[in-house]
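Here the structure of chain L is known, so what remains is to put chain D in place on it, guided by the hints.
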Amino acid sequence: MSEEYSVEIVNPEKSFLSKNDVTEVVVPAFEGEIGILKDHISIISFLKPGIIKIFSKSGEESFYVNDGIIEFKDNNLSILTSLILNLKDIDKEKISEIQKSAEEELNKSDINDQEKYLLDQKLEVLKSIN
Amino acid sequence: MASLDDLKKRISSVKSTQKITKAMKMVAAAKLRRAQESAEKGRPYSDKMNNIILNLSNGISDIDNAPKLLSGTGEDKVHLCVVMTSDRGLCGGFNTNIIKKAKLYFQKILDEGKTLKIITVGTKGYDQLKRLYSDNIIERISFKESKNINYFDADKVGKIVIEKFEKKEFDVCAIFYNQFKNVITQIPQEQQIIPLKTSEKDENSSEDNYEFEPEEDEILSNLLPKNISTQIFKAMLENSASEQGSRMSAMDNATRNAGEMVDKLTIEYNRSRQAAITKELIEIISGAESL
Numbered sequence: 034m035s036e037e038y039s040v041e042i043v044n045p046e047k048s049f050l051s052k053n054d055v056t057e058v059v060v061p062a063f064e065g066e067i068g069i070l071k072d073h074i075s076i077i078s079f080l081k082p083g084i085i086k087i088f089s090k091s092g093e094e095s096f097y098v099n100d101g102i103i104e105f106k107d108n109n110l111s112i113l114t115s116l117i118l119n120l121k122d123i124d125k126e127k128i129s130e131i132q133k134s135a136e137e138e139l140n141k142s143d144i145n146d147q148e149k150y151l152l153d154q155k156l157e158v159l160k161s162i163n
Numbered sequence: 037m038a039s040l041d042d043l044k045k046r047i048s049s050v051k052s053t054q055k056i057t058k059a060m061k062m063v064a065a066a067k068l069r070r071a072q073e074s075a076e077k078g079r080p081y082s083d084k085m086n087n088i089i090l091n092l093s094n095g096i097s098d099i100d101n102a103p104k105l106l107s108g109t110g111e112d113k114v115h116l117c118v119v120m121t122s123d124r125g126l127c128g129g130f131n132t133n134i135i136k137k138a139k140l141y142f143q144k145i146l147d148e149g150k151t152l153k154i155i156t157v158g159t160k161g162y163d164q165l166k167r168l169y170s171d172n173i174i175e176r177i178s179f180k181e182s183k184n185i186n187y188f189d190a191d192k193v194g195k196i197v198i199e200k201f202e203k204k205e206f207d208v209c210a211i212f213y214n215q216f217k218n219v220i221t222q223i224p225q226e227q228q229i230i231p232l233k234t235s236e237k238d239e240n241s242s243e244d245n246y247e248f249e250p251e252e253d254e255i256l257s258n259l260l261p262k263n264i265s266t267q268i269f270k271a272m273l274e275n276s277a278s279e280q281g282s283r284m285s286a287m288d289n290a291t292r293n294a295g296e297m298v299d300k301l302t303i304e305y306n307r308s309r310q311a312a313i314t315k316e317l318i319e320i321i322s323g324a325e326s327l
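Note that the protein sequences, when read in sequence, are chains L and D.
Here our numbering runs 33 ahead of the position in the first sequence, where the first position is 1.
Here our numbering runs 36 ahead of the position in the second sequence, where the first position is 1.
A few of these clues could be false.
Using C-beta positions, here's what the derived DEER-type ranges look like [unchecked claim]: (1) D:Asn289 - L:Glu36: 56 to 64 angstroms; (2) L:Gly68 - D:Asp83: 24 to 32 angstroms; (3) L:Glu36 - D:Asn245: 17 to 25 angstroms; (4) D:Glu202 - L:Ser75: 28 to 36 angstroms; (5) L:Leu120 - D:Ser49: 56 to 64 angstroms; (6) D:Thr109 - L:Glu126: 39 to 47 angstroms; (7) L:Ser89 - D:Leu146: 56 to 64 angstroms; (8) L:Leu120 - D:Arg79: 23 to 31 angstroms; (9) L:Ile74 - D:Glu254: 16 to 24 angstroms; (10) D:Arg167 - L:Ile123: 47 to 55 angstroms; (11) D:Ala65 - L:Tyr150: 47 to 55 angstroms; (12) L:Ile123 - D:Glu254: 25 to 33 angstroms.
If we take Cβ atoms under 7 angstroms as the criterion, some of the chain L residues that face chain D in the derived model are [what the hints assert, rightly or not]: (13) Lys47; (14) Ser111; (15) Leu113.
Quick caveat, the hints were computed from the structure, so don't treat them as lab data.
Computed from a prediction, not measured in an experiment: that's the story for all the values here.
Beta carbons: idealized from backbone N, C-alpha and C, even for Gly.
Chain L on its own, in the form it takes in the complex:
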């Protein structure tokens, strides 16, 4: 039996990526990373800023996401995100730009704990990329 399933990543502008030969996807879910294999139970979760890793027959790919929602059902994984960047051809300047705006946001006084947590996460991930 094959151990592949399909994944689709969409952002508001377009369908970003669609693959049928995926064996495992690791997503930065809100409460920790989840690795999804074939025949996983149906799940809905949202993502914190982090790295999505996609393992397929053709190799491994990594993407940075800002936020998002995942839905896994009938061996179809949908990832919805507002901002996604492929780590392979990432632009250092773009990263610094996001990093800067996150830092500014963090310095504002009127943020709640959850926002602060998310921003901290974001900065950590961005630093690790840079």
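Then chain D, alone, in the frame of chain L:
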């Protein structure tokens, strides 16, 4: 009758107008293709978002504790209308159609004695509404500077709407935009986004048992604001495709009308030139006869 010179001037001015409308038509056609493409590419996102929300809201057992964005405030007194129009004119009935639709809705709201608040997106809508409803307009937004429609602009509008909702400034929110059907047909749409109107429960989908991480209501309360921005983004994409389509057909008509006008004026010009020649001939002949 106008003199030959006047006619000549008019012909050349109509011709240059024709050139402009023709160029605008071409530009609109090129932009339309791009706008249409991005409208189609944006569809999977909003469709998927809708699906997930539908699955989630079906799973919610405790309706009373459901997020307010989903169930509403329980009241129906203040309506907020987001009217989305273009920033540029010369696009036929595009803006007028939206405004017409919106005005009908406004009238209904006001007749029922409810409070009306308006946010206009795009300058043309504001121009048309400010005369009648200037007291009701609470915010005017324009994205003249951004060249392409992007999600962050839509997100800004979404955030304004949500902020106002959280301050309890309104109970119901509806957006108005043109849905792109094809180049000649755009359908003005009215869509209620708060409280969310979920379509009929699908028997098959509700049977699915999802695992949620974190809890359902937490996901839902994070997802709903995003959905608002997504719906607004979708409306903006549809709107821009409609705008270009509408402009293209309007400019096509204008070019054709200018062509007809040039033909008519040219005939008139030739006739009066002929008449002048004939008159001169008659003068010469009768002058010769009298000798």
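Comparing the hints with the structure gives:
no.	hint	verdict
1	D:Asn289 - L:Glu36: 56 to 64 angstroms	59 angstroms, holds
2	L:Gly68 - D:Asp83: 24 to 32 angstroms	27 angstroms, holds
3	L:Glu36 - D:Asn245: 17 to 25 angstroms	23 angstroms, holds
4	D:Glu202 - L:Ser75: 28 to 36 angstroms	32 angstroms, holds
5	L:Leu120 - D:Ser49: 56 to 64 angstroms	59 angstroms, holds
6	D:Thr109 - L:Glu126: 39 to 47 angstroms	44 angstroms, holds
7	L:Ser89 - D:Leu146: 56 to 64 angstroms	58 angstroms, holds
8	L:Leu120 - D:Arg79: 23 to 31 angstroms	27 angstroms, holds
9	L:Ile74 - D:Glu254: 16 to 24 angstroms	19 angstroms, holds
10	D:Arg167 - L:Ile123: 47 to 55 angstroms	51 angstroms, holds
11	D:Ala65 - L:Tyr150: 47 to 55 angstroms	49 angstroms, holds
12	L:Ile123 - D:Glu254: 25 to 33 angstroms	31 angstroms, holds
13	Lys47	4 angstroms, holds
14	Ser111	5 angstroms, holds
15	Leu113	6 angstroms, holds
Every hint from the earlier list agrees with this structure, and none is contradicted.
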